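Residue numbers (the working numbering), protein chains in the order written: chain G, 1 to 531; chain L, 1001 to 1395.
What the hints contain is simulated information worked out from the structure, not anything from laboratory work. Take these hints with a grain of salt, some might be off.
As the list claims (entries may be wrong) - One-sided and incomplete, this derived list gives chain G residues near chain L with beta-carbon spacing under 7 Å:
1. 113
2. 335
3. 411
What the hints assert, rightly or not - Cut-off 25 Å, straight-line C-alpha distance, at most; resulting in silico cross-link-like pairs (SDA-like, lysine to any residue):
4. G:141 to G:180
5. L:1209 to G:514
6. L:1209 to G:117
7. G:141 to G:354
Quick caveat: nothing in here was measured; it's all calculated off a predicted structure. We put the beta carbon where it would ideally sit given N, CA and C, even for glycine.
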Amino acid sequence: MTPRVIDPRSTANATLTVAERTDLLVVGAGPAGLAAAIAAARHGMSVVLVDENPVAPETMGDDVPLHFGQRMSGAVRNRTAMTEAMLGAEPALADAMEAGVDVRLGTAAWGLYANGPSVGWLPGKVAGLTDGEASWMLGFKSAIVAAGRRDMGLAFPGWQLPGVMGATAAERLARLGALDVRRAVILGSSAEALLAAIAMRQAGVEVAAIVEQAPAPIGPAALLDQLAGVPVLTRHVIAAARGEAGGVTGAALARLDDDGRRIAGDPVTVGCDTAVLGIGAVPVIELLDAIGCRSVFSPARGGHVPDVDAAQMTTVPGIYAVGDCAGVWAAKSMDRAVAEAEGRRAAAHAAQAADASDGAHAPEEPAVDLSAYRLAWVRSAVVEAAPGFGAEAHVCQCEEVTAREILEVRPPRYLNWPHPLRNSTDLSALLGQGPPNADQVKRLTRAGMGLCQGRRCREQVAALLALGAGAGLGEVPLATFRAPVRPIPLGLAALPESPDMAEHWDVWFGIPGQFAGGWELEATQAPAAKP
Amino acid sequence: MSDDAADPADTTGASVIIVGGGATGLSAGWWLARAGVDVLVIDKGIVAWEASGRNGGGCTHAFSPLFREEQRLWPQMDELLGYPTEFSAGRIRIAMDAAQWDDAHRVVRYGERHGFQTEVLDAAQLRELVPLAGEAHGAYWHHFGGHANPHRTVQGYAWAMQDHGGRVLQHTTVHGFAVENGRVTAVETDRGRLGCDHLVLAAGPQTGKLAAALGVRVPVAAARAEMIVTEPLPLMPVGGADGNGLYGRQTLRGNLAYGGGPHEWLEECDGMGVPPRSSTPLMGNIAAHLIEMFPRARHARIIRSWAGVIENTPDGRPVIDRLPDPSNVVVATLSSIGFGLSPATGHAIQELVTDGACGFADLSTLCLSRFDGLEGDWAAQRGWQPVPTARSPAG
Ligand SMILES: Cc1cc2nc3c(=O)[nH]c(=O)nc-3n(C[C@H](O)[C@H](O)[C@H](O)COP(=O)(O)OP(=O)(O)OC[C@H]3O[C@@H](n4cnc5c(N)ncnc54)[C@H](O)[C@@H]3O)c2cc1C
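Only chain G is shown next, with the shape it has when bound in the complex (with noise of 0.2 Å):
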C-alpha cells in the first residue's frame, strides 16, 4: 500500500495537549453526582468530581450558572468560607474525599468533546476545566453529567431588578447561608417553587405570599403544608416588580379571570425585596447537548432532557446523565434518594459493576400540563403585561430585546434600521415555511446570544415562539447549546498549539493558488498536479 498522505495543515496532524486523564469524571457535586462518585470509586475506578461551586462573585453577578439577581451576601466573596459552608451543608463531600475520589470544588466543566461522525482527531474523550486561575483538557474514559436545575426566567416589567431571583439560586444560597433576603414573593407553586420557600424560611426570610397563575396551586400537599400562613394566591400572576435601582421594593399582583386572562383593574401591591422565579425548575443539559446527545422533550421529567437509557447512558457512548439534569419531578426534587439511585446505576455500568441500586424510579403522572403551565405564565405575565407597569421588560436582557422584537423577528436595536418593515417578515412570515426555530430567531434578534448565553431567556423564547405558532413548547425544537457552556476568558481558554500545528498554522485551507489571482492563472491550468 502507498502510504497515507496527510494534509499537514488538516487536524490529522493536529494533537491536543491533555494535561491529565482519569476513568470518570463526574461533572456535579450534588446528591446524584456524589453518589455516583463515591460508587465508582468504590468500584475501583479513578474519579475526578467536579463542582463549580464556590463560584466567584463576579460570575454570579453576571447571573451565570444561576439566576441569582444580586442576592448573594457579602458572604460569598469569602472563597474558603464557601468552601467550608458547601462541606458543612453536604456530608456526602467528605465520604467522596474519603472513598478517594479526587473532589475539585470551584472547577467548572466548559466542555465535553468525543470523537464522532466529524470529529475523529481528538486522543479520546476530553473535558474542558478551568478553575478561575487556568483552563485545561483532561481525558476520560465516561463521564457522569450531574449538572442539575436552573429556573425558566419570566420577563415581566421589571424583571431585570435586583432581588428577581430564580428558586434554585435562592434554595442554593439559603443552604449555604449567603443569601440577602428579608421578604420574598415566591412566583409558582412546584416542589421546587415549594422547596426554595422552605429553605428560604429556615434561613430567616419572610415569604409574604405565592403567586400561582393556575387555579389551585400545583406542588405536593406535604410541602404546601410545611408553608402553613403563606397566603397562596392563585389565579394571580405578577404585572411587574417595583423598585428602583436598588432593587425589588414590590410586587404588583394582577388577578386573572377563570380563562386565566388579566382582569383589569387596581394591582394589589405586595412589599417584598425579591420575587423568586419559581415557574419551571429546567434541568442543565448544555454539556450534554454541545457535545451531541440526543435530547427528548418530556413533560412529565421538567422539559428538554437527554435520552437515556435503562443505565442513564445517554446517546453518546460512555456519557452518562444522572439526578435534576436527566429529569425534575417532584418525587426526586423531594428524596435525594431517587438522584443517588441513578448516580449509582450510571457508575455501575460505567465500572462494568453489578448494579446495587434498586432500579429506576419512574417521575410520577405530571401535576399539570407543563407546556400549557409554562405558555400561561408567558401569556399572562409577558404577552399580556398591561401598559402602566414600566417600560417593556426585555426578554433577553443581555442583548435587550424584547418580547414584540422577538415576535416581530425585528433586527437589534443597535443598527438603527431605518426602513419600515417592507413586508411582513414578522414571525409569522417564518412561520410559513415550517415548524418556529428558535436558532433562526436568535439569530435574527439577538435574544439569547448574550454573555448569558440564554440561561434566562431561552424557555421563555421557546415559549414565545410556541405561543406565536399556536403550538406546544414540545412543539419548538431545541435551540442549540455550544461549548463553553460557561463564558471563559480568552486569556484562560487559550491552549499552547502542538509544534506541528504550530508549523503549518493557516488562516483558511491552505491550497495552493486558491487565492491567487485569476489572472495569474493559466485558464486551462492543469488542477490535476498535485499541491
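Given chain G, work out where chain L with the ligand should sit, using these hints.
Then chain L with the ligand, alone, in the frame of chain G:
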C-alpha cells in the same frame, strides 16, 4: 406566498428551481426574482443553516474574477435588499512577523491592480483604529473589502426574493432529477416531484452528489472549520481587523468573531445529510492566536464556538458554470470562499440561467471542464480524507 410553502403538497414547480438555501442559492434566487423570473429555492433544512450561517463574514476576495462586482455591490446591499446586512467597509490586516507581512502584501497588489488603495499603518495609527491590538510587525489598511453579518444577509436574500415573488421551500430534500432530451424537467424531493425549466445546483458540500445524479462529476471534498465568538466589547473604529493566522471581525454589536487553524476533512457526506458540526478544543488554539494579536482582549470571555462544513474543489477555486449536458443546469460550488462573493455570485448565476453566459465577468477560470481528466483518487493524493482514528472506538 408563504402559505403555499407551508404545505408542500400544494407547492408547484417553478421556471427555475434552485437546490440549496445558502448564500449562493438565495442570492441567485433574489437576482432571478428581481429579473421577473418565477423561482423556487429548496433547502433540506432552514435557510443559512449550513456554512452560510457559520462563516466569518469576510467580503474581501481580491483574487476572484468576481471581485469587482463584489466590491461594487456590497456598499449598496442594504438598499438593494431592503434588509440590513451589517456591511462595513474596509479591512485591516495585522502581521505579527515578517513572514505574515510578506504574505499580506499579495492582497495589496491585487487591490492595486483593480485601482484600490492600501495604507501602511504605523503603530500609533494601528492603536487608534484597532485599540485591542498590541505590538505588531506591521499593518495594512485596505480601502476596499469589508465584512457583513452572514445571518442577516442570507435571510435578507430570502426575504427580498420573496418580496419579488420568489418562493422558499424549507425542510425538503432533493434526491434526484427527471431528465428528458438532455434537459432537467423536474426535481425529485422527499415531498414529491416539482417541475422546472431550469435547475441551479448550489447545495454546498452536497453539490457533488447531486451532480453525480445527473451523470456529471463535480469534484469536491468536504471539511469542517471552527470559529469562536466573545462577549461584546466596546466598538473599535475599524472592526474588520484580522491577521496572525486568523480571519474574522468585531461584529457591529462588539463581539470578536474569529476562526483559523486546522480544518478537518470529512467522510464523503453520507446520503444527503451533513454530519453534526461539532466544534472541538481548537477553540483554545484560536483564542491563543487572538490574544497574541489583541492582547487587550485577554479578559474578553468566549461565549460560543461552532463549526461549519464547506466543500473544496481540487484547486480550491469555485465552479460556476452552465453545463453542456443537461443543458439547462447551472452548477455553483464556491469552494469554501462563498459568503463575501455571494452578491456577485448570484448575479452571475442569474445571467448564466437567463442569458447562457455571464456578461460582467470572465468566469473561464471557474469552469468545470478544468477538472476533465482528474484522477479518481485526487482527494487521497492530497490527504483530503478523514483522520484515520475517526473510526476507531473513542477511548
Ligand atoms: C467557519 C467558516 C468560516 C468561513 N468564513 C468565510 C468568510 O469569512 N468569507 C467568505 O466569503 N466565506 C467564508 N466561508 C465560506 C462560506 O461560508 C461558504 O463558501 C458559503 O456559505 C457557501 O454558500 P453556499 O450557499 O454555496 O453553500 P451552503 O451554505 O453550504 O448552502 C448549501 C445549502 O444546500 C442545502 N442542501 C444540500 N443538499 C441538499 C439537498 N439534497 N436538498 C435540499 N437542500 C440541500 C443545505 O441544507 C444548505 O443550506 C466560511 C465557512 C466556514 C465554515
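Each hint, compared with the structure:
{"no.": "1", "hint": "113", "verdict": "holds, 6 Å"}
{"no.": "2", "hint": "335", "verdict": "violated, 35 Å"}
{"no.": "3", "hint": "411", "verdict": "holds, 5 Å"}
{"no.": "4", "hint": "G:141 to G:180", "verdict": "violated, 41 Å"}
{"no.": "5", "hint": "L:1209 to G:514", "verdict": "holds, 23 Å"}
{"no.": "6", "hint": "L:1209 to G:117", "verdict": "holds, 19 Å"}
{"no.": "7", "hint": "G:141 to G:354", "verdict": "holds, 19 Å"}
In this structure, the earlier hints numbered 2, 4 are contradicted, and the remaining ones agree with it.
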